[in-house]
Each structure stands twice: as C-alpha cells, then as structure tokens.
Amino acid sequence: MSKKKLGLNTICTHIGEIKDKQFKGAVSPIYLSTSYEFEDVDIKRYPRYFNTPNQEFLAKKIAALEHTEMALIFGSGMAAISHMFLAFLQKGDHLVVQNTLYGGTSNFIREEFHKYGIEYTFTNGYAVADFEAAIQPNTKLIHIETPSNPLLTITDIQGVANLAKSNGIVTSIDNTFASPVNQNPIDFGIDIVMHSATKYLGGHSDILAGAVASSKEHIDRIWNVSKNLGGSLSDMTVWMLERSMKTLALRVKAQNKNARKLAKFLEQHKEVSKVNYPGLKSHPQHQLAKQQMHDFGAMLSFELVGDIDAMAFMKQLQLIKPSMSLAGVESTMLLPSQTSHSLLTQQERDAVGISNQLIRFSVGIETFKDLKTDINQAITNTKSATFA
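For the sequence shown, our numbering puts the final residue at 388, and the numbers step up evenly by one.
Any given hint could turn out to be false.
[As the list claims (entries may be wrong)] Here are the simulated DSS-like cross-link-like pairs (lysine-lysine), alpha carbons at most 25 Å apart as the crow flies:
| hint | residue 1 | residue 2 |
| --- | --- | --- |
| 1 | 264 | 246 |
| 2 | 290 | 274 |
| 3 | 264 | 281 |
| 4 | 274 | 369 |
| 5 | 115 | 253 |
| 6 | 115 | 91 |
| 7 | 315 | 372 |
| 8 | 257 | 369 |
| 9 | 369 | 270 |
| 10 | 60 | 315 |
| 11 | 372 | 253 |
| 12 | 60 | 227 |
| 13 | 60 | 44 |
| 14 | 315 | 261 |
| 15 | 115 | 264 |
| 16 | 264 | 274 |
| 17 | 257 | 290 |
| 18 | 253 | 60 |
| 19 | 321 | 257 |
| 20 | 315 | 274 |
| 21 | 5 | 19 |
| 22 | 24 | 246 |
| 23 | 264 | 321 |
| 24 | 270 | 315 |
| 25 | 253 | 270 |
| 26 | 257 | 246 |
| 27 | 264 | 369 |
| 28 | 274 | 257 |
| 29 | 281 | 372 |
Derived by calculation from the structure, the hints in this document are not laboratory data.
Let the hints inform the model, and build the full structure from the sequences given.
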C-alpha cells in the first residue's frame, strides 16, 4: 500500500515498524547490538552510521510524516541542527538565519561559527523582505523557525523558499513547535526539516532526540558529516521514540484542541493583557498561519497585567507544571525572561518583546476545564497574597 494513500494515524502507527518474523510480536523488536556481520551483507551496519535496524526503520516513519525521501535520527535536537549546518556550510560561506530563533541554535551560531570561518546574519524581522535584505553573494543557507519561540510569530514558508530558490540557496526549517501533524514545510518548497524529537515526537518528557528529514541527496550529504561527529542515538531510545510516535497525531490533536480553547479564554481574561497564538483572529499573521498550517499548534504565550507578579503566579499553579521544556502530554509553563532570554539585558528583552510578564504555555492533554480552573485559582491566589 502506498504511503501517500495512508492516513496520518496509520502512518504514525505502522510506517517504520520492524516486523517480528520470528515470534510474530505486535511491536518492533529492539536490536541492541553494536556489532554486525560485514561479509555477504547488503548493508554494513554500525550505530554511528545511523543504520542499525531500529534507526533505519524509525527514519522511515519520520520521512513519511514530513513527506520526504529520507531522514536521520540524532542524539538531540542540537545534534541534528548542528550537523545539518556543518554539512551545508564551510569556511567562507554565509548563513541567513531568522532573528526569532531557539536560544540553543542562536548560541551555537554565535559561539561556534567563527571557529569554522562561517559568516552569518540574523534578520531584522521575520518577513520575506527581511531575509532578502540579509542575503549576500556567499549565502548558502537560509534557516527559519515558524511558529517562533516564544512569541509565536509566523514566517511565510513558501515566500522564503521561493526567495531562496531564485538565488540558488538551500533552505532549512526548525519544525519542532508545529510538529508534522500541524505543518509540512516540504510541501511549500523548504529543502530540509529538522526537529527536536525530545518535544512532540517523543511527547512524554522522557526522551532526548533529534531528527532531520529531506531528499536523499541532502540526507547523504548530512550523513557524510554526521558519521564522523558521532551524534547517533542509542537503539533503546530509538525504540522508545518509535513507540511514542504511534500516538503522535492523537496527542497533538488533543493538545491543539485544548490550546484553541485556552487561547480564547485567556484573551478574554481581565487579568491577561495579551495572548500570542496564531489560531486567534487577533494574531497579526492569522491568515498566513491558516494557509500553511493544518492546525495552529499547542504552544502559546500570554502576558499577565502589570500588578500580578508572574513568578508568584507560577508558584501558585497546582496542576500545570513550571518546567523548562515543552510538548509533553502534561501542561507546562515558564518565564522566558528567566530561562531562554535570561542572558539578555532588560533593554534587549524589551526590544524583542520579551517582557517580565510573558509566560510561555505548552498545552497538554488534560481536561480543558481543569486547566482553566488552575489558571483562575493561581491568578486569584496571587492577587490575594499581593494585596493582603
């Protein structure tokens, strides 16, 4: 049966599973061997070559979900994106990168690129014109992230892809926030898609992994670098990730539904001054999000009114967890001013729209009413303690 004719839940459940031909088990067996036969075999398998049975088959599931020919699984999201950068950039090359970007990626670029003689420009914004203005004669790669973290800005994927193609430039995207359930950038002309598989692909806050999906040509190029850098993932974790991804579409769709309701609830709340969520009609890029996303995702951010201490509010939460990561089945919140953007000065944070009242909300699968109740009680108790 053609993968193109299969539904999303069927791809999540069946593509990339290893058939247990010996015992007829219902789930993929785990191959923990780090040493394989080399004589009279089609593939010389070795964990660092990303081709153990579990690695090879899980890559097929990710490729199917992202509508690509191939994929690679890495030990972390940063391993995935750093290997991809080093595969497509060398001394004297130039990268154009979106300014609203995951902090780990920004740090890697700023702290490591000079060692390799790679040049880069962070855009002034996230419009296509901002990318065009940043292109130089030696630009080889444009990297974007949409929706962005933590302000949920939306970048025109097809616009950036068309701009790059007209200039002979390769494009890559961090699709972690959206997940392949909500967005497939390959369909809009992007060349390479990467994920922190720690997030929605894993979905249970217990797996550290990364993934890159693209054409065979591009994946071969990344593999040629990655086999030397050693960022592969253990087969036990690969097996756990394959198991988790069987419920990817179910989880994300439930999270999407909760996020849509919570965004509307927060937008109408008298103690909330602003909500950033592309599913709201008030979002500046709502129409663009509708054009390039299947659904609007389960990430949002909001600002409490000025007389409510955001940190005190977080401490009053009883169900929602104050936590550093995102995309698990449990709802979590954090303060970007105290985490991802803590190294910036107050003035720098203000310039990019990261106020001390901003809270990033990763919406889980809990019952909407319970999440709403938890937010209300936390606001009420914070106000009571403040004005007691």
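* Violating hint indices (sorted, rising) -> Violated hints: 1, 5, 10, 15, 25; rest satisfied.
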